[in-house]
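2 protein chains.
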Amino acid sequence: MNSPKIAIVGATGAVGRVFLQLIEERAFPTSAIRLCASESSWGKKLSVNDTALVVEEVTTKVLRDVDIVFIAAGSEVSRRIAPIAIDHKALVIDKSSAFRMDEKVPLVVPEVNGDDLENHNGLIASPNCSTIPLVMVLKPLNNVIPIKRVVVDTYQSVSGAGSGAMVELREQTENVLTGKPTTSQIHPHQMAFNVLPHIEEFHSNGYTNEEMKMIHETRKILHEPELSVSATCVRVPVMIGHSEAAHIEFKEPADTDYVRDILSRAPGIKLLDDPSANVYPMPIEAAGNDEVLVGRIRQDESHHKGVAMWIAGDNLRKGAALNAIQIAEEIVSMDLFSDR
Amino acid sequence: MNSPKIAIVGATGAVGRVFLQLIEERAFPTSAIRLCASESSWGKKLSVNDTALVVEEVTTKVLRDVDIVFIAAGSEVSRRIAPIAIDHKALVIDKSSAFRMDEKVPLVVPEVNGDDLENHNGLIASPNCSTIPLVMVLKPLNNVIPIKRVVVDTYQSVSGAGSGAMVELREQTENVLTGKPTTSQIHPHQMAFNVLPHIEEFHSNGYTNEEMKMIHETRKILHEPELSVSATCVRVPVMIGHSEAAHIEFKEPADTDYVRDILSRAPGIKLLDDPSANVYPMPIEAAGNDEVLVGRIRQDESHHKGVAMWIAGDNLRKGAALNAIQIAEEIVSMDLFSDR
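Going down the list, the sequences are from chains A and W. When we follow my numbering, the leftmost residue of the first sequence carries the number 2, and every step to the right adds one. When we follow my numbering, the leftmost residue of the second sequence carries the number 2, and every step to the right adds one.
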C-alpha cells in the first residue's frame, strides 16, 4: 500500500494543525485525507495540499474507510476510537498516553526503536513530547557507552497543554503587563511570568504523571527496564519548544568529545554546541525545527562517569506530529499494514 | 555599636531598592544612611524611613564616615571600593562575587554558617542568589543525614541580571505580543517566551560562571570541600524569584517524611508541599517573601538514597539584600565590628 487513506482525529488542535503542515511539507503519500474533531469544529474547513477539507465527526464509517488513523485528541478519545478503528482493520497511530505502556503496543520513535514497529497489533503509540527528545539523545549514547542513571529537569512550553494553553498564556501576559488581574482555567496557577512544577496530576509517590511517563516510557523505548531515571517536569512561559537539562551517568567514564561525536552522527539530532559564540539550544530555535537540538555538553562536575547537556525540541513536531508521521512513513515503506 | 552608620553602594539598582525597603520593614538600627550609585543617579532622591536621601558619589569621605558599607554594584565596583572602606575601618558586606572564594573572606548565610562571621577581616561576602536557597535547604539536612551529591537545575528570574534586564523582558514581551521585532542588549538572546541556558560567561569546562559559583560557594558555605555538586543554570522569563529542581543523594537512605520534618523546623524555610491541593513553591509566590519555599519533596526514583525537591526564593530578598542585612544584624548583635 503506497498511498494510504488517512484520518486525523483532533485535526483542529495544536498537534493536529502541525500534522497538516507536515503532510504538505513532507509530501506524505496519501490518496485521501479525512479530518475529524469535536463537535464544535464540525463543518469548519481546513486547507491541505491546496484542497479545502471539511472537519467532520469521527464515525465508524470514517474509521472503516481509511487505512491509517492518527489520534491526537487526548486519552479518552483514543480509548473510545482506537478499538473501533482496529476492528475495521485501520492502523492506529496514537499520540495519547492511553496505550503507551500496554505490552502489546509498540511505543516508537523511529530513529530509536523503529524495529519495534514490526510487532504491532494494529496500534502504535507515539511517546510523550518530553520523552522523545530525551530518548533520541540517550539511545545512540547507550548503544556504545551503557547508561546507568539519568536525571532530567524539563522546561516545557505551554503548547504541550494544547492550543488553549497558548491563548491563556498570551492573555495572562497581556493582563500582567497592563496591570489587570489574571485568571487561570487551563493552567493550575498563573503561567505568565511564572514557572509551574506541575504537569498533569500527581501520583502517590509525589511525582506527576508527566514525570512518571518520562521514566516509564524511556525504559520501554530503550528496552532498558532497569534504567534509573528521575525527572522534574516544569511548565515555563514559552509558547512552543520543550527544553531539558539532562545529567547522564554512564557505567564507565565517557569523554565529552566522544559523546559529542556520537551525537553529531545520530539521526534527527543537530548539535548546537559552541557556548563561546552563544550557540546552544533554545526553545525559540527549536520551534519549527524538525531536529532535536543538543548542546552544552560537558563533563558532569559531580560525577566522574557523568556528562551533562542541554536539549531542546519542538514539542508539536518531533515531540508529537512529526514522530507520528514518521511512524506512518515507516509503516508505508516497510508495508507493515494490518491485513486488510 | 548598636546603631551603625551605613552606606549602600548601588542604592538605585534592583538589589539596592530592596535593601532600602528592608531597612524600613525590619527597622534596621542605623543612625545615618548614605546612598551611593553611579554618576547617572547622583542627585536623585530616594525616600528611606520617610526621609528623602540624596544619591551621591562613593567617595573616600563617605566610606570613612560610615561603619558598614553594603556593596551591590558588581564585582568591579567591589574590587575598587572595598579595600578603601576596609582601610578606613568600615565593615564591608559585599554582594558581588569579587571576594567570595577568598580564603580570608567569610561567605555567609546567617542561618547556615553565621559562626563564620567571627573570623572576618573587615569584609564579609554574601553568596550568589542561586546558591543561598540551595544551602538553606542542604545545611539542615546535611547536619543529620550526610549528603554525597547534589544535582540542581535552576529556573532563574531576570532580576538576577539587574533592573535593566527586567525592563528588557517587559519590552521584548510587549514587542512579541504585538508582532514587532525584539532586540537584546542585556540578555544574550531574546528572553521573552524563551529560556536561556546561559548566565554569565562560559568557563573552559563548559560550565557557566554562575554554575561554577553554585558549586564552589555551596562547598565553602557548608564546609564540605569534597561535596559533589553539578548545576545547570537557566534564565527563564520571570521577573522576580529563582526556582531550583534539586536532586540530593545522601550517604544513607533518607525517608522523605524525615526530610520534610527536618526542613519544617529549619530557619528561614517554609514548606509548601501539598501537591494534591496544587500547593508547591512558585516564583510568583516567592517574590516578596523572605522565606525560602520548599516543596515537591519525594523519593528520587533514580536512586535509593536520593530525594528530589523543588525550591523557590526571592532572589532580591533572601538571595541578595535580605541576606546582606541579616549579616549586618548579626554583626551588630554580636558586636563583631572591626576595631574602629
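None of these hints come from the bench; they were simulated from the model. Be careful, since some hints might not be right.
Copies of one chain are not kept apart here, so a pair can be met inside one copy or by any two copies together.
[To be verified] Pairs of lysine-lysine residues, derived as PhoX-like cross-links and limited to a Cα-Cα distance of at most 20 Å, are as follows:
#1 LYS306 to LYS252
#2 LYS149 to LYS181
#3 LYS181 to LYS90
#4 LYS6 to LYS46
#5 LYS6 to LYS105
#6 LYS105 to LYS46
#7 LYS271 to LYS149
Hints, one by one, checked against the model:
1. LYS306 to LYS252: Both, since 7 Å and 18 Å are each at most 20 Å.
2. LYS149 to LYS181: For LYS149 and LYS181, the Cα distance exceeds 20 Å both inside one copy (49 Å) and across copies (47 Å).
3. LYS181 to LYS90: Neither way: LYS181 and LYS90 sit 53 Å apart in one copy and 50 Å across, limit 20 Å.
4. LYS6 to LYS46: within (19 Å within a copy, 73 Å between copies)
5. LYS6 to LYS105: neither (25 Å within a copy, 75 Å between copies)
6. LYS105 to LYS46: The answer is neither: 37 Å in one copy and 72 Å across copies each exceed 20 Å.
7. LYS271 to LYS149: Close neither inside one copy (24 Å) nor across copies (34 Å); limit 20 Å.
The structure shown violates the earlier hints numbered 2, 3, 5, 6 and 7.
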